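Chains A and B supply the protein sequences, listed in that same order.
At position 44 of the first sequence (counting the first as 1) the number is 44 in our numbering, and the numbers step up by one without a gap.
At position 118 of the second sequence (counting the first as 1) the number is 118 in our numbering, and the numbers step up by one without a gap.
Hints listed in this document are in silico derivations from the structure and should not be mistaken for laboratory results.
Note that the coordinates shown come from a computational prediction; the quantities given were computed from them, not determined experimentally.
Check each hint, because a few of them may be wrong.
Facing chain B, from chain A, some residues (calculated, C-beta under 7 Å) [to be verified]:
hint: 1; residue: A37
hint: 2; residue: F95
hint: 3; residue: L98
hint: 4; residue: F130
With a straight-line Cα cutoff of 27 Å, these simulated DSSO-like cross-link-like pairs (lysine-lysine) come out [as the list claims (entries may be wrong)]:
hint: 5; chain 1: B; residue 1: K112; chain 2: B; residue 2: K428
hint: 6; chain 1: A; residue 1: K89; chain 2: B; residue 2: K6
hint: 7; chain 1: B; residue 1: K286; chain 2: B; residue 2: K451
hint: 8; chain 1: B; residue 1: K112; chain 2: B; residue 2: K122
hint: 9; chain 1: A; residue 1: K89; chain 2: B; residue 2: K2
Glycine residues also receive a C-beta, built at the ideal position from the N, C-alpha and C atoms.
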Amino acid sequence: MTSLDALPQLDCRRVDGASRWKGLVAARVPLLTVMFAVLLSTGLYLEFLARRNWNAGEVILLLHIVFGLVFTVVLLSWIGPHVVRGLSKSSRRIFTGLSWLLLATYAAVVMTGLMMILPAAAFLVDRIWFWRFGTTHVLTLLHLWGGLAAAGGLLAHLSMRHWRQPVAGKDRAAS
Amino acid sequence: MKYQFKAHMPLLALGVLSGLLFIAGVELLRPEKPEPGVDLADIPFYQLPFGPDEAGRARPFWPSRLQTENGRMVDPAIIPSAADCATCHQREFDEWAPSLHAIAGRDTVYEKAVEANEDLHKDGIEKARFCEGCHAPGEVLAGRTNRFRSVMPSAAETEGITCVMCHTATHADPEEGNGALTLAVNTGVDQLSDPMILAAPRDHVRAYGGAKTNALIASGDFCGACHTEAYDGSMSKAQSRQHVQTTFSEWKDSWYGRNGVTCQDCHMAPDPAAYVRQIRGGDLRKPERYAHNFVGSNYLMFDTRLGTNLTFLRGGILPGLSDAKNTQLIAKQGEATRALLRSAAGLSLRESRVEKDRLRFAVAVQNLGAGHNLPTGVIDQKHMWLEVILRDAAGTEIYHSGAFDAVLGETDPDAVIWREDFNDAEGKRIPDHLTFITATISHVRPGVPPKGEDVVAYDTALPPGARGPFRLEVRIWYRVATQEFAYNTLKTALVIPPFELAAAQFDLSGPEEVLP
Numbered sequence: 001m002t003s004l005d006a007l008p009q010l011d012c013r014r015v016d017g018a019s020r021w022k023g024l025v026a027a028r029v030p031l032l033t034v035m036f037a038v039l040l041s042t043g044l045y046l047e048f049l050a051r052r053n054w055n056a057g058e059v060i061l062l063l064h065i066v067f068g069l070v071f072t073v074v075l076l077s078w079i080g081p082h083v084v085r086g087l088s089k090s091s092r093r094i095f096t097g098l099s100w101l102l103l104a105t106y107a108a109v110v111m112t113g114l115m116m117i118l119p120a121a122a123f124l125v126d127r128i129w130f131w132r133f134g135t136t137h138v139l140t141l142l143h144l145w146g147g148l149a150a151a152g153g154l155l156a157h158l159s160m161r162h163w164r165q166p167v168a169g170k171d172r173a174a175s
Numbered sequence: 001m002k003y004q005f006k007a008h009m010p011l012l013a014l015g016v017l018s019g020l021l022f023i024a025g026v027e028l029l030r031p032e033k034p035e036p037g038v039d040l041a042d043i044p045f046y047q048l049p050f051g052p053d054e055a056g057r058a059r060p061f062w063p064s065r066l067q068t069e070n071g072r073m074v075d076p077a078i079i080p081s082a083a084d085c086a087t088c089h090q091r092e093f094d095e096w097a098p099s100l101h102a103i104a105g106r107d108t109v110y111e112k113a114v115e116a117n118e119d120l121h122k123d124g125i126e127k128a129r130f131c132e133g134c135h136a137p138g139e140v141l142a143g144r145t146n147r148f149r150s151v152m153p154s155a156a157e158t159e160g161i162t163c164v165m166c167h168t169a170t171h172a173d174p175e176e177g178n179g180a181l182t183l184a185v186n187t188g189v190d191q192l193s194d195p196m197i198l199a200a201p202r203d204h205v206r207a208y209g210g211a212k213t214n215a216l217i218a219s220g221d222f223c224g225a226c227h228t229e230a231y232d233g234s235m236s237k238a239q240s241r242q243h244v245q246t247t248f249s250e251w252k253d254s255w256y257g258r259n260g261v262t263c264q265d266c267h268m269a270p271d272p273a274a275y276v277r278q279i280r281g282g283d284l285r286k287p288e289r290y291a292h293n294f295v296g297s298n299y300l301m302f303d304t305r306l307g308t309n310l311t312f313l314r315g316g317i318l319p320g321l322s323d324a325k326n327t328q329l330i331a332k333q334g335e336a337t338r339a340l341l342r343s344a345a346g347l348s349l350r351e352s353r354v355e356k357d358r359l360r361f362a363v364a365v366q367n368l369g370a371g372h373n374l375p376t377g378v379i380d381q382k383h384m385w386l387e388v389i390l391r392d393a394a395g396t397e398i399y400h401s402g403a404f405d406a407v408l409g410e411t412d413p414d415a416v417i418w419r420e421d422f423n424d425a426e427g428k429r430i431p432d433h434l435t436f437i438t439a440t441i442s443h444v445r446p447g448v449p450p451k452g453e454d455v456v457a458y459d460t461a462l463p464p465g466a467r468g469p470f471r472l473e474v475r476i477w478y479r480v481a482t483q484e485f486a487y488n489t490l491k492t493a494l495v496i497p498p499f500e501l502a503a504a505q506f507d508l509s510g511p512e513e514v515l516p
């Protein structure tokens, strides 16, 4: 009779929950970036070109809404830890300030987007309700300009240094 | 270059590229719809008895001056019904549903009048495009006003002046009238599904109420396109342009027109009578919102005491309404209509004197609240008359003019009456609105202009022994149709009840003024 202790180890790698989670976490960043770019391009199309052909515009609008919802969920799951990590690493006040501004812009875009689809969501559950047209106009305006500002802010956020370079004179004095 | 920037730039580029590829793909798979509307040639058996215009273009809607923006006929299937619009715009639907605009193309009074006219001419049905252009524009634009109705109907066409007939207007000619509207029914209607409209309402608004349309439909010019009506040789026996309805010009030349008080201000105010009182008080502020009731002067179509007769007169019940709700909405609008009518007119005693055995007095009939003549519109049917009863000190009636026989529905033939007459080629009065054989229009007495008055003088013999002080009872009556029309055209014994616009009593001792 063979002892259980003597059984050979299985010849495969264990995929535990933690590493899968880490993989997903790591995938969220590129996902957010790609989705942001898709949302920006489809959003600009909806704003400026869709009225020419709503036959296609309707499909693009649907995609924009679905992507927007997914983007919101992923962003919400990712942004908290990112801010905490980033704050501890950011040693430049201007970078920190601009990053908070970028976060506020993202929040505005997400909030206005969600507010704009509330009437459609209400319709799908048999409730008829919609914003006054003036409100819709303001929401659309904020969503559009917020989106453009977020795009510029994201590029700045990605390209700006957040660490402080050693000051040459001070280093020499210390040495 | 920062690591994050280098890492994310390809991803951003990938996202933009994916988005653009997706957009291009969808644009290819779902291209722009072909030019909306229907070619005239695609409507089988469509009759064009009036020939082309001076430039050689077909005139499919003639003698109505109605046009579509892209010049094509309308596919009835794409005209959204008011009941569809009510999905989101319930309040506006509930306001519009009892209105005369909603039943303009179906009410029995109108239908019977059109049928009577159609029978007068071999091209009578096509001539009726003149009437239908304003009363049932959807029917005309779809090509259903034709002796062979090859185009299938749709709900929107039964709704007379339905939502899209105003909310797609891009041009109006109020001087030309006769339905001189251009409607973008083909091009100005979005085809998004309801949830998508709610998600992207700006394009819905662009489609239905572009800045151009919104400005136009808020103007008196827009109303004037149909509320100016003139007969010419294309739909009548008139040798020259005969002015039948001049409501727009009456308004435009009035104090109201000069002061920017529009048709919509009064007739679309949430409480029109209250708004008229506000204007009479000198407060020219606009109403807080525009309701879609279009409250007017036709009290008969809102007289719920008529019971099933009313349903008959209104041509049934509109799609989207229950019997109970229909009655409730009609009753509410009836109150507003009666209140508006009572805010329009006033009476004033201008003079009275006894000379030997005769009493002479003059009564001024005043237009205090209407921004157009009183009465206005096509007033061969709608008319107004003055009833005066003179009593002596003992209360004995010594003179009576303008009595109404409620059994026969007849008015004293000697009454002072404000009405226009349709006359045939021999100059004989046509009492039952037969447009197609009308040659001239004359006025028994033209309507009282806005903020104006018409002084009516009476001179009556006093019977021997009659003693003063004399008392004068005066009433202005309004009636929406003549009894001849009810008998001859409606084929009904219904006595059309008159409505008392204003009443006053005067002691003939001196000038006195009574305002409602």
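Given hint K6 (chain B) paired with K89 (chain A) - CA-CA distance at most 27 Å | holds, 19 Å
Holds or violated: are the alpha carbons of K112 (chain B) and K122 (chain B) at most 27 Å from each other?
-> With Cα atoms ~17 Å apart, K112 (chain B) and K122 (chain B) stay inside 27 Å; holds.
Given hint F95 (chain A) near chain B, where the shortest CB pair must fall under 7 Å | Violated - the Cβ of F95 (chain A) stays beyond 7 Å from chain B, reaching only about 11 Å at its closest.
Would the pair K89 (chain A) and K2 (chain B) pass a check requiring their Cα atoms to be no farther apart than 27 Å?
-> holds, 15 Å
Chain B contact restraint on F130 (chain A) - CB to CB distance below 7 Å | holds, 6 Å
Please work out if K112 (chain B) and K428 (chain B) have their alpha carbons no farther apart than 27 Å.
-> Holds, because 22 Å separates the two Cα atoms, which is no more than 27 Å.
Can we keep the L98 (chain A) interface hint, with Cβ of chain B closer than 7 Å?
-> Since the shortest Cβ distance to chain B is 14 Å, the answer is violated.
Close enough to count: is the Cβ of A37 (chain A) nearer than 7 Å to one in chain B?
-> At about 2 Å, which falls below the 7 Å cut-off, the nearest Cβ of chain B leaves the hint on A37 (chain A) intact, so it holds.
Taking only the CA atoms, is the gap from K286 (chain B) to K451 (chain B) under or equal to 27 Å?
-> Holds, because 19 Å separates the two Cα atoms, which is no more than 27 Å.
Against the hints set out earlier in the document, violations occur for numbers 2 and 3.
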